[in-house]
Amino acid sequence: MRLRSVLAIKCAKCTSYLIKKLNRGSGVTLPGYVARLVDPHILSAMAEMVKEKTIVTMGTNGKTTTNSILYHALKAEGKKVIINRTGANMLNGIISAFVLAADKNCRLNADYACIEVDEIASVRVLPQLKPDCALLTNISRDQLDRFGEVDITFNKLKAAVTSVPKTKLIINCDDVLSYTLASESGNPFVTYGISEQIFDDISRSEIRESIFCRSCGKKLEYDFFHYGQLGIYHCPSCGLERPEPDFTASEITWNDGLYTFSMDGMLIQSTSRTPYNIYNTLSAYAALNALGAERTHFQEMIESFDYGNNRESIFTINGTRVQLHLAKNPIGFQQKISLVLKDKKPKDIIIQINDTYQDGEDISWLWDVDFQYLADAEAASIITAGTRRHDMGLRLKYEDISCDSTTDLRTSVTRCTKDGTGNLYVIVNYSGLYSTNHMLAELEKTQEGGDMA
Amino acid sequence: MKLTIGHLYPDLLNLYGDRGNIQCFRKRLEWRGMEAEILPILSGDAIDFSKLDIILLGGGSDREQELVCEYLKSIKQDFKDYVEQGGVVLAVCGGYQLLGKYYKTDKKVIEGLSILDITTEWESERLIRNIVLNSPLFDTPVVGFENHGGRTYIGSHTPFGKVFYGLGNTGKSGYEGVVYKNVIGTYLHGPLLPKNPQVCDYLLERALKRKYGQDVTLEPLKDKLEHLANGYIAGRYSDKKYILKETIKRYT
Numbered sequence: 274m275r276l277r278s279v280l281a282i283k284c285a286k287c288t289s290y291l292i293k294k295l296n297r298g299s300g301v302t303l304p305g306y307v308a309r310l311v312d313p314h315i316l317s318a319m320a321e322m323v324k325e326k327t328i329v330t331m332g333t334n335g336k337t338t339t340n341s342i343l344y345h346a347l348k349a350e351g352k353k354v355i356i357n358r359t360g361a362n363m364l365n366g367i368i369s370a371f372v373l374a375a376d377k378n379c380r381l382n383a384d385y386a387c388i389e390v391d392e393i394a395s396v397r398v399l400p401q402l403k404p405d406c407a408l409l410t411n412i413s414r415d416q417l418d419r420f421g422e423v424d425i426t427f428n429k430l431k432a433a434v435t436s437v438p439k440t441k442l443i444i445n446c447d448d449v450l451s452y453t454l455a456s457e458s459g460n461p462f463v464t465y466g467i468s469e470q471i472f473d474d475i476s477r478s479e480i481r482e483s484i485f486c487r488s489c490g491k492k493l494e495y496d497f498f499h500y501g502q503l504g505i506y507h508c509p510s511c512g513l514e515r516p517e518p519d520f521t522a523s524e525i526t527w528n529d530g531l532y533t534f535s536m537d538g539m540l541i542q543s544t545s546r547t548p549y550n551i552y553n554t555l556s557a558y559a560a561l562n563a564l565g566a567e568r569t570h571f572q573e574m575i576e577s578f579d580y581g582n583n584r585e586s587i588f589t590i591n592g593t594r595v596q597l598h599l600a601k602n603p604i605g606f607q608q609k610i611s612l613v614l615k616d617k618k619p620k621d622i623i624i625q626i627n628d629t630y631q632d633g634e635d636i637s638w639l640w641d642v643d644f645q646y647l648a649d650a651e652a653a654s655i656i657t658a659g660t661r662r663h664d665m666g667l668r669l670k671y672e673d674i675s676c677d678s679t680t681d682l683r684t685s686v687t688r689c690t691k692d693g694t695g696n697l698y699v700i701v702n703y704s705g706l707y708s709t710n711h712m713l714a715e716l717e718k719t720q721e722g723g724d725m726a
Numbered sequence: 176m177k178l179t180i181g182h183l184y185p186d187l188l189n190l191y192g193d194r195g196n197i198q199c200f201r202k203r204l205e206w207r208g209m210e211a212e213i214l215p216i217l218s219g220d221a222i223d224f225s226k227l228d229i230i231l232l233g234g235g236s237d238r239e240q241e242l243v244c245e246y247l248k249s250i251k252q253d254f255k256d257y258v259e260q261g262g263v264v265l266a267v268c269g270g271y272q273l274l275g276k277y278y279k280t281d282k283k284v285i286e287g288l289s290i291l292d293i294t295t296e297w298e299s300e301r302l303i304r305n306i307v308l309n310s311p312l313f314d315t316p317v318v319g320f321e322n323h324g325g326r327t328y329i330g331s332h333t334p335f336g337k338v339f340y341g342l343g344n345t346g347k348s349g350y351e352g353v354v355y356k357n358v359i360g361t362y363l364h365g366p367l368l369p370k371n372p373q374v375c376d377y378l379l380e381r382a383l384k385r386k387y388g389q390d391v392t393l394e395p396l397k398d399k400l401e402h403l404a405n406g407y408i409a410g411r412y413s414d415k416k417y418i419l420k421e422t423i424k425r426y427t
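Chains A and B, in that order, give the protein sequences.
For the numbering used here, add 273 to where a residue sits in the first sequence, where the first one is 1.
For the numbering used here, add 175 to where a residue sits in the second sequence, where the first one is 1.
Honestly, I wouldn't trust all of these hints.
DSS-like, lysine-lysine: derived pairs with alpha carbons at most 30 Å apart [said to hold, decoys possible]: (1) LYS397/B <-> LYS294/A; (2) LYS226/B <-> LYS491/A; (3) LYS294/A <-> LYS718/A; (4) LYS177/B <-> LYS670/A; (5) LYS399/B <-> LYS670/A.
Chain A stretches covered by chain B per the calculated footprint, using a threshold of three residues with CB under 8 Å from any CB of chain B [as the list claims (entries may be wrong)]: (6) 447-460; (7) 666-674.
If you're looking for bench data, these hints aren't it; they were derived computationally from the structure.
Each residue gets a CB set at the ideal place from its N, CA and C atoms; glycine is no exception.
Use the sequences and the hints to build the structure in full.
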């Protein structure tokens, strides 16, 4: 290995050590930055040390869950796997994952690398990483203040995958944007898709990207929509159509809140409470196949898999069941509303909307969510929080749904758990996720202490 | 009383919460005991302008605007007559650009409706941030979010407002949007109307007067939440320390 790479790894490890010692956060991006300063080619050097295969996961929704499934599936086969931490999906975060995984001789002992990559970062990351496979979950509007518009995201992703022409793509062919991207890229690709209608009316979302054919400009026709622009489509003019997927999930049923489905001859009794996790599972399975990885323990692993990922956590506070959900773009939020409506019991709802850079400074997307359904959600109270709580309140007001607002989330949660319905949903966008998770865990702990006293 | 609101090409132009503007028109009429009919006009549909009291032309991506441009050609004259006869129009982002003569992107020139004597040229650096305007039409600031690659040159037209914080038409001119007869063209989304009920009521009143005569007035509504949302952004960008902090963050 080049001396420069060794130096880069050492510096990054020192940085990480210092950050932890000084208690300055989790230190998942700065070490990567330092490593890159010392050796600009560090990522290529590290990626070459992965013994078997490298796979990247990209797309608007479902990246983290899908990547986590891949990681656990490979671990279940006894493989050593590198993964980047949740959210650390920009260039520096990815470099950090590699350099911090190196041993004291600066060697990497890993069979696989599963890396989640941000859409904008993908243009720089992919040429250095040269992954064997790239999984694309779906493309829809997200953080338009960062991406500009969804076509820019599309073009970035396309530029990224065409820069590594040998990389095999794993594509959701129900998404016309993803499928067009794969067809235009010239990369080899395999497809996955679902031919049954599994999403209900509420989760379907009126907001669709690009239901116009990208080759001839005519409006696409759909047999049905899954959600957003995902569905079974064809172009009446040029003949573009949703292909028969290489991998599919079928016989999908929903019992007692959990999904069961068939996939490649297995009947999987999943722990998933939401239909989009079937997509995530299916895509990961298709990717493992494309990687040529063993899948002997897949069923066993997935049937006990925790899709939560801290993004859907459940707490018990003062006897109240408290669910924490992340909703950071219209498609994601719509799915959460559908989930809330499936629960027929009375409930209290707290929605926190922040507008930091990580969240997206533009909160227009709240108006792309069909909040009118919340009127039938048996909600005893709805409270808005976060920097843009009044925008969220306005959104509800213009559906004639009344709500209150709070500047003190902790107090509001405590009050809801003491005087509420015993069933509380806390929905937050990105920047509030970790602090709220932490706060709820703390409340759960302290009230246990209180019970004993 | 009843107003008919034509939402032009929602299948192509539906970015940035444009539905919020429609919902705002609808609710603020209904809350006053009036009726609102929303007519979504899809690409290819025929338009009877005599039935419309308000037209909303929303934002779309550059690619989608090119498709819209084809449909606009066929209604160009009718649209122009509607505007000259005092028809109310709210055009946001892409819709605002399309009211002008052309939008020149890096690849081609998209022909507009030529209703306004304005032109737009694409530059690679997009103008993206919160924006606060002071408009002579209103005594409260107009707040929103801008996100555009186009730089719009408005010539001798009257701007919608003076930029208090943000970038505006070209990023340099200090002004944002255009007001012409009963047309407001602007880059502000967020969406524009719910947070700026004064703008919504201004347009509603103009449309009602055109249809039912000059005596029509709008009774005030309880706009506490609207003012809190508006005031939060206006207040945030009146704070020099906050602006400095945000600027530092933006460039690091």
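Going through the hints against the structure:
no., hint, in the structure
1, LYS397/B <-> LYS294/A, "53 Å, violated"
2, LYS226/B <-> LYS491/A, "28 Å, holds"
3, LYS294/A <-> LYS718/A, "26 Å, holds"
4, LYS177/B <-> LYS670/A, "22 Å, holds"
5, LYS399/B <-> LYS670/A, "11 Å, holds"
6, 447-460, "violated (count 0)"
7, 666-674, "holds (count 7)"
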